[in-house]
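There are 2 protein chains.
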Amino acid sequence: MRIVVDAMGSDQNPGPDVEGSVLAAREYGETIVLVGDQARVEQELSRHATSGLPIEVVHAPEQVTMEDKPGVVGRSKPGSSMHVGMRLVQEGRGDAFVTAGNTGAALAIATLQTLRRIPGVHRPALSTILSLHGQSMILLDIGASTDCRPEWLAQFAVMGGVYAERALGKTSARVALLSNGEEEGKGSTLVQESAELLSRSGVNFIGNVEPKDVLSNKADVIVMDGFVGNVMIKTLEAMSRTLFGLIRQELTSDLRSKVGGLLSRPAFRRVYSQVDPFEIGGAPMLGVNGVVIIGHGRSNAMAIKNAIRQARSAVNGQIVEAIREGIEQSSPAASSRDQDTSE
Amino acid sequence: MRIVVDAMGSDQNPGPDVEGSVLAAREYGETIVLVGDQARVEQELSRHATSGLPIEVVHAPEQVTMEDKPGVVGRSKPGSSMHVGMRLVQEGRGDAFVTAGNTGAALAIATLQTLRRIPGVHRPALSTILSLHGQSMILLDIGASTDCRPEWLAQFAVMGGVYAERALGKTSARVALLSNGEEEGKGSTLVQESAELLSRSGVNFIGNVEPKDVLSNKADVIVMDGFVGNVMIKTLEAMSRTLFGLIRQELTSDLRSKVGGLLSRPAFRRVYSQVDPFEIGGAPMLGVNGVVIIGHGRSNAMAIKNAIRQARSAVNGQIVEAIREGIEQSSPAASSRDQDTSE
Numbered sequence: 099m100r101i102v103v104d105a106m107g108s109d110q111n112p113g114p115d116v117e118g119s120v121l122a123a124r125e126y127g128e129t130i131v132l133v134g135d136q137a138r139v140e141q142e143l144s145r146h147a148t149s150g151l152p153i154e155v156v157h158a159p160e161q162v163t164m165e166d167k168p169g170v171v172g173r174s175k176p177g178s179s180m181h182v183g184m185r186l187v188q189e190g191r192g193d194a195f196v197t198a199g200n201t202g203a204a205l206a207i208a209t210l211q212t213l214r215r216i217p218g219v220h221r222p223a224l225s226t227i228l229s230l231h232g233q234s235m236i237l238l239d240i241g242a243s244t245d246c247r248p249e250w251l252a253q254f255a256v257m258g259g260v261y262a263e264r265a266l267g268k269t270s271a272r273v274a275l276l277s278n279g280e281e282e283g284k285g286s287t288l289v290q291e292s293a294e295l296l297s298r299s300g301v302n303f304i305g306n307v308e309p310k311d312v313l314s315n316k317a318d319v320i321v322m323d324g325f326v327g328n329v330m331i332k333t334l335e336a337m338s339r340t341l342f343g344l345i346r347q348e349l350t351s352d353l354r355s356k357v358g359g360l361l362s363r364p365a366f367r368r369v370y371s372q373v374d375p376f377e378i379g380g381a382p383m384l385g386v387n388g389v390v391i392i393g394h395g396r397s398n399a400m401a402i403k404n405a406i407r408q409a410r411s412a413v414n415g416q417i418v419e420a421i422r423e424g425i426e427q428s429s430p431a432a433s434s435r436d437q438d439t440s441e
Numbered sequence: 099m100r101i102v103v104d105a106m107g108s109d110q111n112p113g114p115d116v117e118g119s120v121l122a123a124r125e126y127g128e129t130i131v132l133v134g135d136q137a138r139v140e141q142e143l144s145r146h147a148t149s150g151l152p153i154e155v156v157h158a159p160e161q162v163t164m165e166d167k168p169g170v171v172g173r174s175k176p177g178s179s180m181h182v183g184m185r186l187v188q189e190g191r192g193d194a195f196v197t198a199g200n201t202g203a204a205l206a207i208a209t210l211q212t213l214r215r216i217p218g219v220h221r222p223a224l225s226t227i228l229s230l231h232g233q234s235m236i237l238l239d240i241g242a243s244t245d246c247r248p249e250w251l252a253q254f255a256v257m258g259g260v261y262a263e264r265a266l267g268k269t270s271a272r273v274a275l276l277s278n279g280e281e282e283g284k285g286s287t288l289v290q291e292s293a294e295l296l297s298r299s300g301v302n303f304i305g306n307v308e309p310k311d312v313l314s315n316k317a318d319v320i321v322m323d324g325f326v327g328n329v330m331i332k333t334l335e336a337m338s339r340t341l342f343g344l345i346r347q348e349l350t351s352d353l354r355s356k357v358g359g360l361l362s363r364p365a366f367r368r369v370y371s372q373v374d375p376f377e378i379g380g381a382p383m384l385g386v387n388g389v390v391i392i393g394h395g396r397s398n399a400m401a402i403k404n405a406i407r408q409a410r411s412a413v414n415g416q417i418v419e420a421i422r423e424g425i426e427q428s429s430p431a432a433s434s435r436d437q438d439t440s441e
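Residue numbers (this note's numbering), protein chains in the order written: chain A, 99 to 441; chain B, 99 to 441.
Wrong hints could be hidden among the right ones.
For chains that are exact copies, the list does not tell them apart, and a pair is met inside one copy or across any two.
[Unchecked claim] DSS-like, lysine-lysine: derived pairs with alpha carbons at most 30 angstroms apart:
hint, residue 1, residue 2
1, K268, K310
2, K167, K284
3, K167, K310
4, K310, K356
5, K316, K167
6, K284, K268
7, K268, K316
8, K356, K167
9, K284, K310
10, K284, K356
11, K167, K268
Just so you know, the hints here were simulated from the structure itself, not pulled from any lab data.
If we strip away everything but chain A, and leave its shape as in the complex, we get (with noise of 0.2 angstroms):
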């Protein structure tokens, strides 16, 4: 398998980017493929010990950073490494690619100017991979696509629920639409026209969940608007960020504070692993042709090489595949019809 990362990708480029590729070829054994300025990147791989580890390094001479405008960069920089990275893939010459870099860019590049959809997939989603108290979820659409229509978080469920039966490990997963209650009747009406759609689909739909069954178990995909996911999970980071900053800064406020903060340093590092999306490094790009595994901006090498693993996972599932007959089978006639090909 050859997993094609951008060496450009987090905030802290080229280090922890190649640095976690690195630990992921001598973890894996699967062909690396670092995409950036040559010269930056192989001065960072001669930082660590690389004798005899499946790395390639193949140079792109652009660069996306946050600031540019994911409707501009797609054509504006066609030399960056989003766009060198997702060419390796689509000519097969790269089975999947991580990035940590603009989201928002690696959706353009990947939808308009190099993979593409899926055929009959309405919209690509950007995933979200949630996982506590030992089990893992996964959240569809938070930030592709806002004003969804019915037939697309239609297709997210079919979408998601492939990634979790073939790179999650769920059997039969459990698909739920999030609302703002569970009762018939709640929900916006793009939820309800959803449930209607889903009660008729082939998925396991499991009905309405709420915000609170994000953080249980009771869900293996929980489909919704890309704007409310969008939300959803910047409220979660915000809160999370919020609370252990409030704690710090309590833990230090006298000094019985700081000996009980320093005793239970250990067991708020546990707390912390559990709720940390670097556990997790990246979530899947879906419906697009090819496996695009997206990272935190703030990822280090650990969350990088977290993503690489996300993107082995993707590849040995086989998931563009499955996705696409996914689809086809859900509802041939409509996704040949609606289909929206402008750009």
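Take the given structure of chain A and dock chain B to it, following the hints.
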């Protein structure tokens, strides 16, 4: 001032509701009118030292439960403590109504059976007040309406601004829209169209904010669709409960952590009190012809007392009159044309 309190509201009613009312009567010196099952309320009152306190009891033969469907209970239980209490306010025999009961039922009974909407108001809004780092802000709508339209959000901005200035002590309240990114072009169609309306309105619109800003001091009023707002506050609550649960669990997992936990307990209490919704007690339902404060079902006596304090601030701030004026000024033509008077 006469503040009417639903004695049968909280999950543990009438205990916390009555005790909180006694505390409030003692601390604020305002008359508290307890509405509920007279025998049970008086029995509960007899457990407290109420001699000389301005507390009255009004009998209500029925009770709204958390299981009651909002769409049905408005008509099916005309003798409920919510109906009786809101009617007292409607008839001028009370200045505000406080309940920790079924929020959907309170909304239906206020809007359709008793107080009704302020003329020109498209939709009433439920709000929540967050207080962090010593600053409070009001978020709305958090669940009264899904599928909101831009002109509804524009009114929420007016109502929230009035509340922030009149009851929370803000000067020229900063109003923001919740979005999935601050940049122009981000946001759902609803957010984009609402931003357009708000930038042409009289409110102090500061633009779009992200979820992390809900926990900062960037805005005084944050406006959003009720579905999104409901998901957001439930996510905040779920994340907070999950984190404190994990911390409690890990701090009892071994002796070292236990000792650390005991020593840092006061620090934790300080953290908890900063994110504890009971410190605020309740938040207003806005857009109806009367002050209505909704508390959490799990309210304890302190939360009820704080909800009564919130009601008192709202009455002193004459928020109903101020909202009426604000709505009239904001768009007199539009508001008389667009008002939906169907029930």
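- Intra- versus inter-subunit Cα pairing at 30 angstroms for K167 with K268: Neither, since 37 angstroms and 36 angstroms both go past 30 angstroms.
- Message: At most 30 angstroms between CA atoms: does that hold for K284 and K356 within a copy, between copies, both, or neither?
- Response: Classified as neither: same-chain Cα gap 47 angstroms, cross-chain 43 angstroms, threshold 30 angstroms.
- Query: Between the shortest in-copy and the shortest cross-copy C-alpha distance, which are at most 30 angstroms for K268 and K316: within, between, both, or neither?
  - Reply: Intra 13 angstroms, inter 42 angstroms, cutoff 30 angstroms: intra-copy only.
- Message: Please sort K268 with K310 into within, between, both or neither, judging by C-alpha distance up to 30 angstroms.
- Response: This pair counts as within: shortest intra-copy Cα distance 21 angstroms, inter-copy 32 angstroms.
- Quick one: K356 to K167, C-alpha cut-off 30 angstroms, is that within a copy, between copies, both, or neither? neither (45 angstroms within a copy, 50 angstroms between copies)
- Query: Given identical chains, is K284 near K268, meaning Cα to Cα at most 30 angstroms, within a copy, between copies, both, or neither?
  - Reply: Close inside one copy (28 angstroms), not across copies (34 angstroms); limit 30 angstroms.
- Query: Should K167 paired with K310 be assigned to within, between, both, or neither, using CA atoms and 30 angstroms as the limit?
  - Reply: This pair counts as between: shortest inter-copy Cα distance 21 angstroms, intra-copy 34 angstroms.
- Up to 30 angstroms between alpha-carbons, please classify K167 paired with K284: within, between, both or neither. between (37 angstroms within a copy, 11 angstroms between copies)
- Query: With identical chains treated as interchangeable, where does the CA-CA distance between K310 and K356 reach 30 angstroms or less: within a copy, between copies, both, or neither?
  - Reply: For K310 and K356, the Cα distance is within 30 angstroms only across copies (28 angstroms; inside one copy 32 angstroms).
- Item | Intra- versus inter-subunit Cα pairing at 30 angstroms for K284 with K310 | Both: 16 angstroms inside a chain and 27 angstroms across chains, each within 30 angstroms.
- Query: At most 30 angstroms between C-alpha atoms: does K316 with K167 qualify within a copy, between copies, both, or neither?
  - Reply: Result: close only across copies, 24 angstroms inter versus 37 angstroms intra.
Taken one by one, the earlier hints fail for this structure at numbers 8, 10, 11, listed in ascending order.
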